[in-house]
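A.B. asks: Residue numbers (the numbering used here), protein chains in the order written: chain A, 505 to 864; chain B, 463 to 818.
Among the hints, a few may not be true.
Said to hold, decoys possible - A partial selection of chain A residues facing chain B, derived with a Cβ cut-off under 7 Å:
no.	residue
1	588
2	611
3	614
4	619
5	623
6	627
7	628
8	629
9	641
10	644
11	836
12	847
To be verified - Cβ-Cβ distance ranges computed for the label pairs, FRET-style:
no.	chain 1	residue 1	chain 2	residue 2	range
13	A	650	B	666	28 to 38 Å
14	B	757	A	679	44 to 54 Å
15	A	679	B	624	49 to 59 Å
16	A	793	B	609	50 to 60 Å
17	A	668	B	642	48 to 58 Å
18	A	611	B	526	31 to 41 Å
19	B	620	A	650	45 to 55 Å
20	B	666	A	608	26 to 36 Å
21	A	643	B	586	25 to 35 Å
22	B	684	A	592	26 to 36 Å
23	A	544	B	666	20 to 30 Å
24	B	586	A	594	53 to 63 Å
25	A	643	B	538	52 to 62 Å
What the hints assert, rightly or not - With the C-beta cut set under 10 Å, the calculated list includes, among others, these residues of chain A facing chain B:
no.	residue
26	586
27	600
28	602
29	700
Hints are computed from structural coordinates only; laboratory data are not their basis. Owing to the predicted nature of the structure, the values given are computational and were not obtained by experimental measurement. All C-beta atoms in this analysis are idealised placements derived from N, C-alpha and C, irrespective of residue type, glycine included.
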Amino acid sequence: MSEPLASAGTASTPADPAGDDLVRLENLVKYFPVRAGGLVRRTVGQVQAVDDVSLSIPRGQTLGLVGETGSGKSTLARCVAGLIPVTSGRVIFDGRDITNLSRGAMRPIRREVQMIFQDPYSSLNPRRRVGAIIGDPFAIHKTATGGERKRQVQELMERVGLNPEHYNRFPAEFSGGQRQRIGVARALALRPKLIICDEPVSALDVSIQAQVLNLLSDLQRDYGLTYLFIAHDLEVVRHVSDSVAVMYLGRIGESGPRDPVYTSPRHPYTAALLSAAPAADPDTAAARQRIVLTGDVPSPIDPPSGCRFHPRCPKAEAVCGQQEPQLEAKAGDVATHLVACHFPVQAGENLAAAGRSEPT
Amino acid sequence: MSITGIEAASQDAAASEGALDADAAKIEGRSQWQLTWRRLRQDKVAMAALAVIVVIILLAILAPVFVSITHHPPNIAYPNTGEDAAGNPVGPMTNGFWLGTDGTGRDLFIRILYGARISLFVGFVTTGIGAVAGVAVGLMAGYFGGFIDTVLARFTDAVLAFPYVVLALALAVVLGPSLTVIIGVISFFSWAAIARIVRGQTLSIKEKEYIEAARSLGAGSFRIMFFDILPNLLAPVLVLATLYIPTAIVFEATLSYLGLGIQPPTASWGDILADAQNFFQTSWWYVVFPALALLITTLAFNLLGDGVRDAMDPRTERVLAAGRGRRKRRGKRQVLADGQAGLAPAAPYVPPAEGS
Chain A
505 MSEPLASAGT
515 ASTPADPAGD
525 DLVRLENLVK
535 YFPVRAGGLV
545 RRTVGQVQAV
555 DDVSLSIPRG
565 QTLGLVGETG
575 SGKSTLARCV
585 AGLIPVTSGR
595 VIFDGRDITN
605 LSRGAMRPIR
615 REVQMIFQDP
625 YSSLNPRRRV
635 GAIIGDPFAI
645 HKTATGGERK
655 RQVQELMERV
665 GLNPEHYNRF
675 PAEFSGGQRQ
685 RIGVARALAL
695 RPKLIICDEP
705 VSALDVSIQA
715 QVLNLLSDLQ
725 RDYGLTYLFI
735 AHDLEVVRHV
745 SDSVAVMYLG
755 RIGESGPRDP
765 VYTSPRHPYT
775 AALLSAAPAA
785 DPDTAAARQR
795 IVLTGDVPSP
805 IDPPSGCRFH
815 PRCPKAEAVC
825 GQQEPQLEAK
835 AGDVATHLVA
845 CHFPVQAGEN
855 LAAAGRSEPT
Chain B
463 MSITGIEAAS
473 QDAAASEGAL
483 DADAAKIEGR
493 SQWQLTWRRL
503 RQDKVAMAAL
513 AVIVVIILLA
523 ILAPVFVSIT
533 HHPPNIAYPN
543 TGEDAAGNPV
553 GPMTNGFWLG
563 TDGTGRDLFI
573 RILYGARISL
583 FVGFVTTGIG
593 AVAGVAVGLM
603 AGYFGGFIDT
613 VLARFTDAVL
623 AFPYVVLALA
633 LAVVLGPSLT
643 VIIGVISFFS
653 WAAIARIVRG
663 QTLSIKEKEY
673 IEAARSLGAG
683 SFRIMFFDIL
693 PNLLAPVLVL
703 ATLYIPTAIV
713 FEATLSYLGL
723 GIQPPTASWG
733 DILADAQNFF
743 QTSWWYVVFP
753 ALALLITTLA
763 FNLLGDGVRD
773 AMDPRTERVL
783 AAGRGRRKRR
793 GKRQVLADGQ
803 AGLAPAAPYV
813 PPAEGS
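With the rest of the complex left out, here is chain A (with noise of 0.2 Å):
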């Protein structure tokens, strides 16, 4: 760890008394507009990308946030990011609360928390230089020019395992994993608090995903950053996690410590999903009974009714349909381990047998 790095950015303000969370989204709503007709504009529905969020994130730990493509995981990470308005609910960062602030009240907030992007290709501006990329964060918060800034950039490559000899290179001269390591470079520049990790690993060779994984846990126990790590790879958000939620159609399934998640799933649709989860053993591969959902992700514009899963999981019932499940602990579970779901999978069932007792 360098000196000067550490001196870059934390001119900021002390910890806020209220609690040990440095996230906390309460009733977090986003909904796009759908529109349409020539002249005139109408709104003819919402996608509703994330619906009733409610999360903390504690402060120095990694919530990995799972779901597949479409489920809000990405709405959300820009939602906290603050690089799109939210409907409703509110976003509370370090005890303030960031919600829609303008662009000039956000300006501090985006020194303490920076985004790594998922596609290392498309998130580097091919006409620019690595140095001018990763400069951009001293620049654009005027906290360094000149050769001190240069310095202070050849640092941050260092620090990310690239060879500081490179600044004047374009990003096209850098492999996939050089790249995501630039992006977290620039991400590290400004000395942030919380890093939002939109599937960083997930345009990576497997190979290359470990070590970004590793830099990743590497500089959250030497800088004491908080993660918010999206992901569709269950095994890496394992790998990385303190805590765990499960998105499905812009709304928590459950959520939880990572071992009670991952060991009793209490959602029928995250015993789905850590059933369907490649394993490295084949032994364990053939004894585990595979849960097979069927149909598609209901289209967000319009969500089912009740439970969002209800029509495609194996253990609805009416009431499914009818009314929503609250994020509620389950008897036998620890506090923190919240499923919205009536029926909760119990230890030992199997779903893969279950019928769909009474079709809805």
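Here the structure of chain A is known, so what remains is to put chain B in place on it, guided by the hints.
C.D. replies: Frame of chain A, contents of chain B only:
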């Protein structure tokens, strides 16, 4: 799940770094412009065009030197040596007139040189103004979108739809012909095509993830436009600008030819050609040389523009190497008009093997 330590990771990175270092001397800091220049140098036609343009520019700059050699200032008539007994112009290499004289006995060669000054000046200045204005309008329309886009894009379409010769003539008549008016009129029509292409490119670039990355860092709109989007636009704009210069030169010649551009006695190619009509049958050189000057200049700029566009596009490398570049090229020009081919190569460029 077994994951190797960070030590292994950094060793791995160091190993791949080592392999890269072998090429470092070649690769280090080679920008798109250096790559473009490398490819352009292999294009013989473009290099010949560039040489011709340099010669023309030098001739224009050195026009006073030629005056001191020939002792024939551009606006002085020589009734005795410059005209024959019937009062017609004398031919090339007669009485010290290298390319003969014009209808009033002035040195045609010197007047063509001074005409080149006007043509090149108008060509570069109007294209420069047009490029700056076009980029500004296109960037704002594409980036901000919404109402601003509607207004700017419709205005651009209106300018493109205008019968520009008619408007230029009207303006020249109303405001009185002068160099300033000509530059103003040609500039006014030069930005719209560039603005349209730039707008299209901006629309596609602003959806890229690196723009969102810049926004998440807290960059403002203008920083994003100038530091993140503009560098990606320079390639297509440079190509369009190079190809617009000859258009502007011909436009100026047209206005001057119609008597609404540069006013006599100042020399201009269009004006010389207009005068030469009366001597069409008796003095071939009077028409041929200024027309040749116009032809060579515009052709050279067009060929250079073609070459620059091909050099900007890494995919043409193999075509050039195979030696059938010209044919392939023609089809692509149409695409550029639709705003596609000028696109800066977004895909990672793999440097060619040495000596390809």
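A.B. asks: Decide, hint by hint, whether the structure agrees.
C.D. replies: Against the structure, the hints come out as follows:
Look at residue 588 (chain A): its Cβ only gets to about 10 Å from chain B, farther than 7 Å, so that hint breaks. A cut of 7 Å between beta carbons decides the hint on residue 611 (chain A): the least distance to chain B is about 5 Å, and the hint holds. Annotation: interface hint on residue 614 (chain A) holds; nearest CB of chain B at approximately 4 Å, less than 7 Å. Below 7 Å, beta-carbon pairs count as interface contacts, and residue 619 (chain A) has one with chain B at about 5 Å; its hint therefore holds.
Here the hint on residue 623 (chain A) is kept, as its CB sits about 6 Å from the closest CB of chain B, short of 7 Å. A least Cβ separation of about 4 Å between residue 627 (chain A) and chain B falls short of the 7 Å threshold, and the interface hint therefore holds. With its C-beta approaching chain B no nearer than about 6 Å, residue 628 (chain A) sits inside the 7 Å limit, and its interface hint holds. A least Cβ separation of about 4 Å between residue 629 (chain A) and chain B falls short of the 7 Å threshold, and the interface hint therefore holds.
Because the smallest distance between the Cβ of residue 641 (chain A) and any Cβ of chain B comes to about 5 Å, under 7 Å, the interface hint for this residue holds. Evaluation of the residue 644 (chain A) hint against chain B yields a held restraint, the C-beta minimum of about 5 Å falling below 7 Å. Evaluation of the residue 836 (chain A) hint against chain B yields a violated restraint, the C-beta minimum of about 28 Å exceeding 7 Å. Nearest Cβ of chain B to the Cβ of residue 847 (chain A): about 31 Å, over the 7 Å cut. The hint is violated.
With their beta carbons about 34 Å apart, residue 650 (chain A) and residue 666 (chain B) fall inside the hinted range of 28 to 38 Å. Between residue 757 (chain B) and residue 679 (chain A) the C-beta distance comes to about 50 Å, which sits within the given range of 44 to 54 Å. For the hinted restraint 49 to 59 Å between residue 679 (chain A) and residue 624 (chain B), the CB-CB distance of approximately 51 Å keeps it satisfied. Between residue 793 (chain A) and residue 609 (chain B), the C-beta spacing of about 58 Å keeps the proposed range 50 to 60 Å intact.
For the hinted restraint 48 to 58 Å between residue 668 (chain A) and residue 642 (chain B), the CB-CB distance of approximately 53 Å keeps it satisfied. Under the hint 31 to 41 Å, the C-beta atoms of residue 611 (chain A) and residue 526 (chain B), about 57 Å apart, miss the expected range. The supplied range of 45 to 55 Å is met by residue 620 (chain B) and residue 650 (chain A), whose beta-carbon atoms lie about 46 Å from each other. Look at residue 666 (chain B) against residue 608 (chain A): about 29 Å separates their beta carbons, and that is inside 26 to 36 Å.
Between residue 643 (chain A) and residue 586 (chain B), the C-beta spacing of about 33 Å keeps the proposed range 25 to 35 Å intact. The given range of 26 to 36 Å is respected by residue 684 (chain B) and residue 592 (chain A), whose C-beta atoms sit roughly 31 Å from each other. For residue 544 (chain A) paired with residue 666 (chain B), a C-beta distance near 28 Å keeps the hint of 20 to 30 Å intact. The hint said 53 to 63 Å for the Cβ distance between residue 586 (chain B) and residue 594 (chain A), and at roughly 57 Å that hint holds.
Distance hint check: the CB atoms of residue 643 (chain A) and residue 538 (chain B) are about 59 Å apart, consistent with the given range 52 to 62 Å. Below 10 Å, beta-carbon pairs count as interface contacts, and residue 586 (chain A) has one with chain B at about 8 Å; its hint therefore holds. At a threshold of 10 Å, the smallest CB-CB gap from residue 600 (chain A) to chain B is about 16 Å, leaving the interface hint violated. Residue-level restraint check for residue 602 (chain A) is violated (minimum Cβ-Cβ distance to chain B is 13 Å; threshold 10 Å).
The interface hint given for residue 700 (chain A) is met, as the beta carbon of that residue sits about 8 Å from the closest beta carbon of chain B, less than 10 Å.
When held up to the earlier numbered hints, the structure conflicts with 1, 11, 12, 18, 27 and 28 and fits the remainder.
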